[in-house]
Amino acid sequence: MKDSATISGLLRFGIVAGYMAAGLTTASADPGPNCTLTIAVASASCGTITLAIAARTNSLDPAGGGPNTDYQPAYPQQGLIYRQDRNLVPQMDLIEAEAVSPNGLTITQTLKKGVKYSDGAPVLAEDAVFAYTRWKASGISSAYVEKIVDAKAVGDDQIVWTLSTPYPDFKYALSSQFMGIHPKKQIEAKTPAEYFKKPVSAGPLMLSEWIPGTDLMVLKANPNYWGKPHVQELRIVVIPDGTSRLLALQQGAIDYVYTLPLNSKAQVDAAKVNVFAHAEPGTFMLATNNYAGQPNNALKDKRVRQAMSLVIDRKKMATIAFFGIAEPACAYAFKPGNPYFKCSLPNDGLPDVAAAKAKLAETQWARGFEFEMIVPARPQWAEAAQVIAADLAKIGITANVKPLPDADISTRIRAKNYELVFFRNAAATPILQLQNWFAPGGAWSVNSGFADPAAAALLNEAGSSTDKARISELLHKVELMGVEDASYIPLSSQFSLSGMRYVRGVMEAVSPGEWLFVKTTPPLPGG
Amino acid sequence: MEAVTTPERTEAPPARREFLRRAAHRLARAAGVAFWVMVIAFGLIRLAPGDPVLARLGAEAAPAAIEKMRRDLRLDVDPVTQFAEYSWGLLHGRLGTSIETQRDVMEIIMTSLPVTLWIIAITIIMAMAMAVPLALAVAMTRRAAVPYIFRASTSVLLAIPTFFTALIALIVFGLHYGVAPIIGYEPGFPANLRYLWLPALVICTHLVPVLSRVLHSSIVETMGEEFVETGVIRGVSRPRFYWFYLLKPSLAPTIVLLSYMVGVMIGSTVIIETIFSLPGIGRSLVGAVIGRDYPLVQGIVLVFGILVVAVSLIGDVLANWLDPRVDMS
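If you read the sequences in order, they're chains B and Y. Just remember that my numbering sits 31 ahead of the position in the first sequence, which is counted from 1. Just remember that my numbering sits 971 ahead of the position in the second sequence, which is counted from 1.
No lab work stands behind these hints, which were simulated from the structure alone. Just to be clear, a hint being listed does not mean it is correct.
Unchecked claim - Dumping the calculated DMTMM-like pairs for lysine to aspartate or glutamate here, alpha-carbon to alpha-carbon at most 20 Å:
(1) B/K167 <-> Y/D1043
(2) B/K447 <-> Y/E1038
(3) B/K221 <-> Y/D1043
(4) B/K215 <-> B/E225
(5) B/K228 <-> Y/E989
(6) B/K221 <-> Y/E1038
(7) B/K447 <-> Y/D1022
(8) B/K303 <-> B/D344
(9) B/K433 <-> Y/D1022
(10) B/K202 <-> B/E264
(11) B/K228 <-> Y/D1022
(12) B/K167 <-> Y/D1075
(13) B/K144 <-> B/E157
(14) B/K229 <-> Y/D1075
(15) B/K229 <-> Y/E1078
(16) B/K228 <-> Y/D1043
(17) Y/K1039 <-> B/E264
(18) Y/K1039 <-> B/E225
(19) B/K296 <-> B/E311
(20) B/K202 <-> B/D150
(21) B/K229 <-> B/D188
(22) B/K143 <-> B/D116
(23) B/K167 <-> B/D150
As the list claims (entries may be wrong) - A partial selection of chain B residues facing chain Y, derived with a Cβ cut-off under 7 Å:
(24) A85
(25) N89
(26) T100
(27) D272
(28) G273
(29) A279
(30) Q281
(31) A284
(32) N294
(33) Q411
(34) Q417
(35) D439
To be verified - Label-pair distances were calculated between CB atoms; the ranges are:
(36) B/R409 <-> Y/F1006: 51 to 61 Å
(37) Y/D1043 <-> B/N328: 18 to 28 Å
(38) Y/R1065 <-> B/K333: 25 to 35 Å
All C-beta atoms in this analysis are idealised placements derived from N, C-alpha and C, irrespective of residue type, glycine included.
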């Protein structure tokens, strides 16, 4: 009896082994991508594109906070007054006209006629106002909406904005991921959490399949969008491990990855996979804690910070830690697409050990000191911090590099419990980026305790001006004030390494990763 | 003529009574373990640096938004009140709602747990299918070098980290030969086998050496028993000899070990699920810890604890059945 049970058990083993063998024979039947490198850009149209992201999307709520793995998939499926094109320029999306009052303080926008959500309901002006209200209440990136005093819906198709001062970056603010437009009535009829599990879309793509916090999201072309998307279906899959993402791309299981390991380029067949670097509107930097409770007195001396900035070999850091993909910084503001860019660091950011030693010799810490440098445990960030620590050692400064998970970094920064942090600062425009550092309420000025009314006044004037030469002059002055204070030490440009199995321009993430551009016919006006 | 008395039907036989007593004892112990797992999970995730609200909103969020979310999540009350509320929910069968996804924690666990259980089940089947013949063959061989080679090769396999084996397996079987998918998962047997055989094989590279070495030692020990010699003298059939005389008495320690290894395997699946992008509970736990998703971490750790206790109980019962000398308590 027991023998027969054993035999039956062995038979079950056999069946399992048979199924496994069947798996072996069918594994190679994965469908390939519909896009190939041979398609010309102008005519490129893809049935299905599979995009791999590094973490699960937990929320599609534009006012819900979260990382770019939440915002990136949300961007093409939300309505926007302005939408970022592939070159990071905001273009009119759901509006057809915009009138600015002579004093620049009132902006009236008119929605395109007949714009609808994916469920056929009309897009209303009150929905846009509601989106703005939710964003403002969330407090996220509040600097973007600081100059907006009021927003009102006039009828169904007009939005009237009232500003405190002229705001040249207004359209950049409206094109950000936080301004995603969804139907007010539907959100209020449910709860935001419930609605955003299956939202409707006023963007080029619409949600077809998704459960929050799972590995697959399927988006389809939105038939009610005013333009016809070139992508019919976008499958977003989650592959947390960087090497696995690269292998899946090489195998053909996926068509596009936004973030690859930085050493990927040499490992792929260039005829099949295009690996390229994105230059992003951001800067890697060191930020000192300037609050009174910070215990390290050496870091409170600006001459010490200046010495640290002078001794850092930015090119070496970019080459060793970032595989030469990053560009060494010579200013605070980002360079790509920045019309006001001008180097501001002494010697264009090149290291000067003798000058650093001389500067440090002016202080009581001429023989060096020790401090803790916290750094998010993201790929290559800790390595970059180690390269910096090696440079600082040349003038006797010991930096103890401590990589920490993002959540711990956030807590340490928020609690003002750090001496110096390696991080980055990215924004849609150079003015917004500098505001993050130097304006009251700016994200990094809050984090670091930086306060300089003079810098704030210059930035306020720049943010309200329409004179490009004047803006350039003001921003350069702010940069020089930053160099003098050296609470922040710019290091290199921000970037990411992507891989793609189809032609560029059809669909791709645009920097700094929160926006997913989808080509349409007709294209975005001006895009 | 003596009167025939009927034995008391209400009283269980002593052996059965003893079994029930031990089973009740084990269940009570399991409940105690589950309680302490719950307390430790609740405390540890809160002791760890980091904040669920900041993890969600980011370091740049405005203080007003942070305070609002903290209030909404009831994180503004003291930890004792939080624990009382959590325990009250548990008593009513509620594990809470995930902070990050706003989904019911039980729903998330019920979606991802089967994937992990399938990985473990397939791994156990594959490991036993490899370890038993291997241990038996090594024990039965008359060549002196074989046991040395066996020990050396199993030591080498144990020394190679699982994540390294997993990546090499992906490159060889996934990329080079194309016989295994690098990403994706299809739920339901047998469709899931296509996605799980390679991860299971990778875990086997650690499990088979351990199991086969323990089993090999047990078999060698059993071979010295008198009843084995009796079996040889009586000339029992070969399959009957292998099963009843050698394997059955030798398997008990391996089964007990395997049941404890399940806890270790759950740890291994966290890495395996990440590298193979499988939607198992290990990855959900990693994501929840990174995002400081308190309710999800607590729920998953509680389920892990219950699972490990249950499997070790099953292992003890099985071992007791295979060899009654094994003490189930």
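* Asked: Quick one, is the B/T100 hint okay against chain Y at 7 Å, beta carbons?
  -> Not OK, violated: B/T100 not within 7 Å of chain Y, min 11 Å.
* Identify whether the interface hint at B/Q417 stands, where standing means a beta carbon of chain Y within less than 7 Å of its own. => 22 Å, violated
* **Distance restraint hint 25 to 35 Å, applied to the beta-carbon atoms of Y/R1065 and B/K333** => Between Y/R1065 and B/K333, where Cβ atoms are some 55 Å apart, the hint is violated.
* Asked: Is B/K228 close enough to Y/E989, meaning Cα to Cα at most 20 Å?
  -> The hint is violated at about 53 Å.
* B/K447 paired with Y/E1038 [C-alpha distance capped at 20 Å] -> 17 Å, holds
* With a cut-off of 7 Å, does the beta carbon of B/G273 approach a beta carbon of chain Y closely enough for the hint to hold? -> 10 Å, violated
* Are the Cα atoms of B/K228 and Y/D1043 separated by 20 Å or less? -> 19 Å, holds
* Given hint B/N89 near chain Y, where the shortest CB pair must fall under 7 Å -> This hint holds: B/N89 lies near chain Y, its Cβ roughly 4 Å from the closest one there, short of 7 Å.
* Asked: Would you say the C-beta atoms of B/R409 and Y/F1006 sit inside 51 to 61 Å of each other?
  -> 38 Å, violated
* Asked: Is the Cα-Cα distance between B/K447 and Y/D1022 20 Å or less?
  -> Distance of about 14 Å is within 20 Å: holds.
* For the pair we were handed, B/K229 and Y/E1078, check the Cα-Cα distance against 20 Å. => Since the Cα atoms of B/K229 and Y/E1078 sit roughly 17 Å apart, the hinted pair holds (cutoff 20 Å).
* Would you settle whether the hint for B/N294 is holds or violated, based on the nearest Cβ-Cβ distance to chain Y being less than 7 Å? => It is violated, given that the least Cβ distance between B/N294 and chain Y is near 14 Å, above 7 Å.
When held up to the earlier numbered hints, the structure conflicts with 5, 6, 8, 10, 11, 12, 17, 20, 21, 23, 24, 26, 28, 32, 33, 34, 36, 37, 38 and fits the remainder.
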